[in-house]
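For reference, the chains in residue letters:
Number of protein chains: 2
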Amino acid sequence: MSTQHGIYLHNFPSKPIVPRQTKTSTTVFRFTIRGSLCLTETNNSSKTMTSSNTLRKVQVVSPVPADIDIANSVQPIHISDIAKDLNLTPNHYDLYGKYKAKVLLSVLDELQESKDGYYIVVGGITPTPLGEGKSTTTVGLCQALGAYLDKKVVTCVRQPSQGPTFGIKGGAAGGGYSQVIPMDEFNLHLTGDIHAITAANNLLAAAIDARIFHESTQSDKALFNRLCPPNKEGKRRFSDVMFSRLKKLGISKTNPDDLTPEEVNKFVRLDIDQNSITWRRVMDINDRFLRKITVGQGPDEKGMVRETAFDISVASEIMAVLALTTSLADMRERLGKMVIGNSKSGDPVTADDLGVGGALTVLMKDAINPTLMQTLEGTPVLVHAGPFANIAHGNSSIVADRIALKLVGPGGYVVTEAGFGADIGTEKFMNIKCRYSGLTPQCAIIVATIRALKMHGGGPAVAAGKPLDHAYLTENVALVEAGCVNLARHISNTKAYGVNVIVAINKFSTDTEAELNAVRNASLAAGAYDAVISDHHGHGGRGAVDLGIAVQKACENVAQPLKFLYPLDVGIKEKIEAIAKSYGASGVEYSEQAEKQIEMYTKQGFSGLPICMAKTQYSFSDNAAAKGAPSGFILPIRDVRASIGAGFIYPLVGTMSTMPGLPTRPCFYDIDLDTTTGEVIGLS
Amino acid sequence: MSTQHGIYLHNFPSKPIVPRQTKTSTTVFRFTIRGSLCLTETNNSSKTMTSSNTLRKVQVVSPVPADIDIANSVQPIHISDIAKDLNLTPNHYDLYGKYKAKVLLSVLDELQESKDGYYIVVGGITPTPLGEGKSTTTVGLCQALGAYLDKKVVTCVRQPSQGPTFGIKGGAAGGGYSQVIPMDEFNLHLTGDIHAITAANNLLAAAIDARIFHESTQSDKALFNRLCPPNKEGKRRFSDVMFSRLKKLGISKTNPDDLTPEEVNKFVRLDIDQNSITWRRVMDINDRFLRKITVGQGPDEKGMVRETAFDISVASEIMAVLALTTSLADMRERLGKMVIGNSKSGDPVTADDLGVGGALTVLMKDAINPTLMQTLEGTPVLVHAGPFANIAHGNSSIVADRIALKLVGPGGYVVTEAGFGADIGTEKFMNIKCRYSGLTPQCAIIVATIRALKMHGGGPAVAAGKPLDHAYLTENVALVEAGCVNLARHISNTKAYGVNVIVAINKFSTDTEAELNAVRNASLAAGAYDAVISDHHGHGGRGAVDLGIAVQKACENVAQPLKFLYPLDVGIKEKIEAIAKSYGASGVEYSEQAEKQIEMYTKQGFSGLPICMAKTQYSFSDNAAAKGAPSGFILPIRDVRASIGAGFIYPLVGTMSTMPGLPTRPCFYDIDLDTTTGEVIGLS
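Protein chains in written order, with the UniProt record's numbering: chain G, 1 to 684; chain Y, 1 to 684.
These aren't lab readings, by the way, just hints derived from the structure by calculation.
Don't take each hint at face value.
You can't tell identical chains apart in this list, so a pair holds if it fits in one copy or across any two.
To be verified - Subject to a maximum C-alpha distance of 16 angstroms in a straight line, what follows is the list of computed EDC-like cross-link-like pairs (lysine to aspartate or glutamate):
1) Lys248 / Glu333
2) Lys247 / Glu333
3) Lys292 / Glu307
4) Lys266 / Asp511
5) Lys247 / Glu263
6) Lys603 / Asp347
Could you build the full structure based on these sequences and the hints that come with them?
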């Protein structure tokens, strides 16, 4: 076993770094060291003592080993030690094993009076299908801030969907020397939040079909008798959830026996229009055969068949509710008012109309608590809510960000990730999430890679599972420069919110100095506060120290207040058009269906909500093949839906699949358990 | 706050009790006391000191309050204290919050040399739809053994399905003063085992349809290229899981490039016969509209539609694997060899053929660890595997029972529950579970109620949600005596396994002395070792002290070895017929489909497996209306399926639904969260 102290780095250029001082005596033997990888603490004598005894610096090797090998090479610190570093006591969290803990919402009440730290959102340029390392950059930056720059820091990331983990993409814990660990626990089940969402979503779905069925086979009297059965003394009572429906119907009676036959009719019959149902079942699996299905074909369902579909669980409105809620009471209200479709007379039908809002809240009561984990270098991570900013909201949760901001306090840093390119992830972060949270970011990061910029400059198509074209492996400054139009638009769009924009160039081993300089110059020309080359993949936090310093400066020097892209009190179309303009579109075209839905939602009083566009992540436009910074196109809106509980209107731009499929050789072929050690193998 | 010591009981008859002595100093203030309920420890000076400081005795009130009110009135003990009482250290378990912990399988390795305690299985008479209190009796007996009779005891129960919790039946934590707590955590999510089963089951389902699709659209060469893609150096390799398929095909080559075109064809084409697929998707929700569905109707699936269905998750073969497995390696093997259907040439196709056995194991790696909880009186409970002995195996797990038997050690007691009546639950316990575990029970309990016996004696129908007929509320000894034919057959069937049978009469407030005596006499006449009236519902462990003493005697006085109902090495039909005979049938009738399947499974080499009958729980026969002890009927076998991974053949007797539905007014109407306290309300 190696007991080397200090940091051993290979091929790392420039700049002095500021090593964080830690007490080594208690921590240096925490780590088991396997193979060629090991971790050590610095053993500088305690010049600047800190309260932390969890931070550590990874010793790296080159070339960078497989993600799971790096993750498995590190013995994680007990999560109660990570929590202690955040001044959390065992009363503030529930352990889930040794390396995960759910931080209880009550922490927010306790810290109500505390001041927030700096708030940084990480977006990206328009990505290739391989991803440009946004999670990795988020994690690496935090490792730099925490383990090298002596800052209080919390990383806020989203729980990955198990669909891609077993499908094409693999896990989402970051990569190289910038990862959330234990990587297998992060990618599998975590603390069950997505399972809770699946359960709640599908309970509501079952309630819808069962209700339509029972209404179709029973008289008003029979329905009433069952919904409000007489007790032993012959007395009927409304359950609490029924009062929300009664209120909506304008009935203020509290005794069921006082209802007139007309009121009974209105009360018992939701009269759901089957064609209007937008609520689908979900599953956290890539199951393409559930994209369009017919249900109700059993003989007992008496011919009440209907076409419907499954979405992947992370696309559920309940995931968006979890991401945007601010308290238990708020979550209860949002879940109850989720609209599943309309009655035949055009009124929205809610979860509370179906009597199930309370049960959904009960299923989600633990999911509202974010999960505490750690990075490879021992900095704290809060994992909450879900991915897929293309078909969903795709930001981590307000609750997690708020808790994190209080925990780091003034001078501390919270780095939160927004999905995919800044056109969708950061846009939704600003206009939806910050609106509901009231929080203001000081700095927005845009992650760029030479690879993606070359693609935007006109390089050949990049596809998962296929070897990269030669153009991506050799120097081509002109291609990079041409591609910077994509980056420039993301910079100016993001800058318009009033934040300082920093471009983080996620360095690959094939990048050349000239290419990297070209991006730096283009970034500054486009108005970026700074542009920094970052090698956190190969070097962990040490590789992102420059980025950390730039972020610190950007946060300390904000000149403007937060400005939204659109006001809420204009029409749905005006809001859609403001976003379309930011994409570069010269206009918007609405399908007949979209027109109809916009009219209906406006009539139903929902036009004051923000907009959550469902759009391809591969282009500013609806056409995934249109790289760079397309302009002058007409953005087609195929349909418009509403997530009333989550609190947004949801236009579908072109054709977006909400259920991925499995390829011929899914990731699962490589995944297995070493039944001797209990270790997961083959997870990527 | 009341600081009364000792036990205050109302209306409790006869017999002296043996109070357990405990150290009170450290424990008496553990409990918060709300409303009229409170808990106290006895404060006898320490005559017989024990190591336990978690046991306590509930103070009861009459009439018995609602289950959730009793459960909420008790502050549970931190689960690490319960674990400590079992000599478990923090290395032996993972905490899931403060009141649940997963006990790690490695405990079994550590305790390999330890001797087992006594092993008691709890079955019942043929129940009414209201249930006869089998879980309640299981819990109450353990509270008596642990908190009153000074025995080491562990209760082994099954995790409830969330379907019934939100549907008709409500939770399954026991009832009255005999419950597992926290009751809401027990009934909701628990530690995610059922969610893991759902995820694994549905990943396999998605893999089946995706594979059929990809095979139908690609050449052998294209499939091979994708399944074994060349790496950067142009070399191909098999993933580990592929070797199980190669072995099955008789191909011993290890280099993909060495395969002949014929071998490539055999390797890449599973050639699944769509009509033979028995693997269904699952969901832990009562969703009747998924009983029969058509999938694959999306345009991208190119017309490859097929009819299929969802089962409730607890009916998944993966649940049966979990219940019957004995180690990680054994679980990996079982999951890999699960058969999902046949190839067009009639060969069974397995999960490992699809490349997914390893991924399923990874999804189930934490589920294999049973969950430690506690009873109202502080005795330990292991919760594992699932319910539904009618459509599934319905016993708690071998792993949990084994760990429990080692933890209590010689002289200690493990009480494990088998689902529904002894005809299905206990029968499967003996012939399937004990066969795979090699464990031998000393005592079998049969839970009976006056209510159910009256029904078997000819009383009017009993239905959930409807008031009980007068016959059940007033004395009618003749009706009870007539119903004892049902009890008598369960006694003689159970006794035939070589165990001592004890009848536990679960006392209701409407039962009369004469009725109770009639059951006691009939039990002894039918060969029961003892028959005991038990009032654990109204009095907790104290109400089951007599039962505990009887169980102790029965365990200490076993005369015979375990005898199975049928040997394994006879034909499938002979085994089915042996079980049918135990039901009282005079013969068995097989459908054409059943004949075909039996022939096929026999040909495939699966005839040596035990039998897991899917039969109504409401009668010995296939006809739920045939109460008492029907005989002379012909048992119809509609279909036969095989759970090769779990290890049994699975005949369907008559029509059994594997997906429950929601009623007009499901339980969820009453369920909500008190968003101020975070407490669940309305759960029953």
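Hint-by-hint comparison with the structure:
1. When the C-alpha separation of Lys248 and Glu333 is checked against a cutoff of 16 angstroms, the pair qualifies only within one copy, where the shortest distance is 14 angstroms, while the shortest distance between copies is 56 angstroms.
2. In the homo-oligomer, the alpha carbons of Lys247 and Glu333 lie at most 16 angstroms apart inside one protomer (14 angstroms), although the nearest pairing across protomers, at 57 angstroms, exceeds that limit.
3. Proximity of Lys292 and Glu307 under a CA criterion of 16 angstroms is satisfied in both settings, with 7 angstroms inside one chain copy and 13 angstroms between copies.
4. Neither within a single protomer nor between protomers do Lys266 and Asp511 lie at most 16 angstroms apart by alpha-carbon distance, with minima of 67 angstroms and 44 angstroms respectively.
5. Taking the closest pair of Cα atoms, Lys247 and Glu263 come within 16 angstroms of each other only inside a single copy of the chain (12 angstroms); across copies the shortest separation is 69 angstroms, beyond that limit.
6. Within a single copy, Lys603 and Asp347 get their C-alpha atoms as close as 10 angstroms, which meets the 16 angstroms cut-off; across copies the closest is 59 angstroms, which misses it.
Hint check: a violation occurs at hint 4 only; the rest are consistent with the structure.
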